[in-house]
Each structure stands twice: as C-alpha cells, then as structure tokens.
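The whole structure should be built from the sequences, with the hints applied where relevant.
These protein sequence lines map, in sequence, to chains A and B.
Taking the working numbering, I'd label the letters of the first sequence as residues 1 to 113.
Taking the working numbering, I'd label the letters of the second sequence as residues 1 to 113.
Hints in this document: simulated from the structure, not taken from any laboratory.
Mixed in with the good hints, there may be bad ones.
Okay, derived cross-link-like pairs now, DSS-like style, lysine-lysine, Cα gap no bigger than 27 Å in a straight line [stated by the list, open to error]: (1) A:11 <-> B:105; (2) B:108 <-> B:68; (3) A:78 <-> B:105; (4) B:5 <-> B:112; (5) A:78 <-> A:17.
Pulled a few chain A residues facing chain B out of the computed Cβ check, cut under 10 Å [unchecked claim]: (6) 40; (7) 85; (8) 87; (9) 88; (10) 92; (11) 100.
Beta carbons are placed, not taken as given, at the ideal position from N, Cα and C, and that holds for glycine.
These are the residues of each chain, in order.
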Amino acid sequence: GAGVSQTPSNKVTEKGKYVELRCDPISGHTALYWYRQSLGQGPEFLIYFQGTGAADDSGLPNDRFFAVRPEGSVSTLKIQRTERGDSAVYLCASSLTLSNEQFFGPGTRLTVL
Amino acid sequence: DQQVKQNSPSLSVQEGRISILNCDYTNSMFDYFLWYKKYPAEGPTFLISISSIKDKNEDGRFTVFLNKSAKHLSLHIVPSQPGDSAVYFCAASAYTSQGNLIFGKGTKLSVKP
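And the structure:
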C-alpha cells in the first residue's frame with residue numbers, strides 16, 4: 001500500500017526565499033507529524049496535527065516556520081525568509097491515531113544557499 | 001542539552017553474532033521508548049517499543065531492555081544479519097506529550113558477512 005509521500009524530494013533555495021514542503025500521509029491516518037533532521041543528528045520534533053488542528057507546535061523554532069493541514073489530510077510546512085541554518089532533511093510521519101509508533105516518509109532535503 | 005543520548009556513533013558486528021545498541025536518557029518523565037531503523041535515503045521505520053511498566057520486550061530477533069533506575073535502554077539483535085546494517089535511533093516520549101518523540105543521534109550498525 002502507499003506510504004507517506006513527501007514532495008519535493010530535494011529543494012535548493014536562496015537565503016531569504018520562501019519555501020513550501022508537502023506531505024501526503026497514509027490514507028485514513030488522522031495524526032500527522034513534522035520533524036527536522038540536521039546532519040549528524042536525530043530527527044527533531046517540530047509540530048503535530050490531530051485532524052486539522054495543530055495539537056502541539058512546541059518544536060517550531062521560530063515564527064518563520066508555519067504548518068497547515070486544512071482538510072485533515074495533506075499538510076504543508078512553510079518556511080519564510082529561509083536561512084542557511086534551515087538546511088536539513090524535513091521528515092513527515094503519520095499514524096492512525098495519536099501514537100508514538102509513526103510511519104515516516106522519505107523526507108525533503110532542503111538546502112539554503 | 002540532549003535528553004536522549006546514544007554515545008556510540010557506530011558499531012561493527014560479525015554476521016550471526018549479537019548486536020547491542022545502547023541508549024541513555026535524562027528526563028524522568030519519559031514513559032515510552034522506541035527504536036527506529038533508518039536506511040539511507042529513506043525515512044525511519046519503527047522497529048520495537050517498550051513501556052516504562054516493563055523491563056523487557058521481545059519481537060523475533062529483536063529485544064529491548066529497559067533499566068529505569070539507570071535511565072538506560074538497550075536493543076539486542078540476535079543473530080545479526082547483513083540486512084540489519086542501518087542507522088538505529090533510540091526515541092522517547094512522555095505521557096504529557098505523546099506523539100512528540102525525542103530522538104538520539106543514532107548509531108550506525110554494520111553487520112559484516
């Protein structure tokens with residue numbers, strides 16, 4: 001069956017630009033999570049959604065980062081005024097209900113030049 | 001300040017022998033622990049978990065041990081196979097923030113034929 005998909009797989013942008021990263025969760029999964037993995041580190045929690053609402057956004061590093069999930073399925077992570085330090089792999093995961101056992105997508109590798 | 005620590009960046013084991021991956025944590029609020037496995041260019045895959053009310057959980061070749069007093073857990077793989085070669089992440093979650101996983105930096109396991 002189809003797993004979690006993320007687009008694009010790679011994104012190169014210039015400092016100061018705006019980017020959007022998309023996540024398509026497994027069909028029927030109500031919970032959706034975003035993580036960021038920098039080089040040599042483990043994934044770092046950013047935000048999770050239960051349905052359409054952000055249930056925990058405590059991991060978003062600052063107000064340049066924003067995520068939406070308007071219909072309770074696809075989610076978009078939006079980063080404004082990108083900085084070189086935002087370069088990382090952005091991972092999306094989903095689960096049937098809120099769970100620690102999450103299904104991860106392959107990630108979007110973001111490079112800010 | 002790392003709440004979940006994997007102090008060995010890499011481990012090399014002979015095929016058929018036991019692999020032991022270690023993880024330490026500092027936050028006493030953590031009550032659920034997981035191991036994820038990651039191949040290159042893929043997202044992490046859930047492997048095995050353990051609740052803080054248990055001290056051992058076994059699933060086939062994989063066993064996780066939890067020592068709450070030492071704030072330490074370990075993953076045992078017996079027998080190790082070349083296909084087990086991957087990066088293994090330890091993760092933890094607190095009941096008050098379920099779904100918000102705190103990951104270690106990972107240990108790269110190489111199983112040599």
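Okay, the hints, checked on the actual structure:
1. The suggested pairing of residue 11 of chain A with residue 105 of chain B holds, with an alpha-carbon distance near 24 Å, which does not exceed 27 Å.
2. Our distance criterion of 27 Å between C-alpha atoms is met by residue 108 of chain B and residue 68 of chain B, whose separation comes to about 25 Å.
3. Proposed proximity of residue 78 of chain A and residue 105 of chain B is supported: the alpha carbons are some 25 Å apart, at most 27 Å.
4. For the hint linking residue 5 of chain B to residue 112 of chain B, the alpha-carbon distance of about 25 Å falls within 27 Å, and the restraint holds.
5. Taking the CA atoms of residue 78 of chain A and residue 17 of chain A, the gap is near 11 Å; set against the 27 Å cutoff, the hint holds.
6. Residue-level restraint check for residue 40 of chain A holds (minimum Cβ-Cβ distance to chain B is 7 Å; threshold 10 Å).
7. Violation of the interface hint for residue 85 of chain A is found here, the shortest Cβ-Cβ separation to chain B being roughly 18 Å, above the 10 Å cut-off.
8. Taken as an interface hint, residue 87 of chain A does not check out: its beta carbon lies about 17 Å from the nearest beta carbon of chain B, beyond 10 Å.
9. Taking 10 Å as the C-beta contact cut-off toward chain B, the hint placing residue 88 of chain A at the interface is violated, the least distance being around 13 Å.
10. Because the closest C-beta pair between residue 92 of chain A and chain B is about 8 Å apart, less than 10 Å, the hint holds.
11. Here the hint on residue 100 of chain A is kept, as its CB sits about 5 Å from the closest CB of chain B, short of 10 Å.
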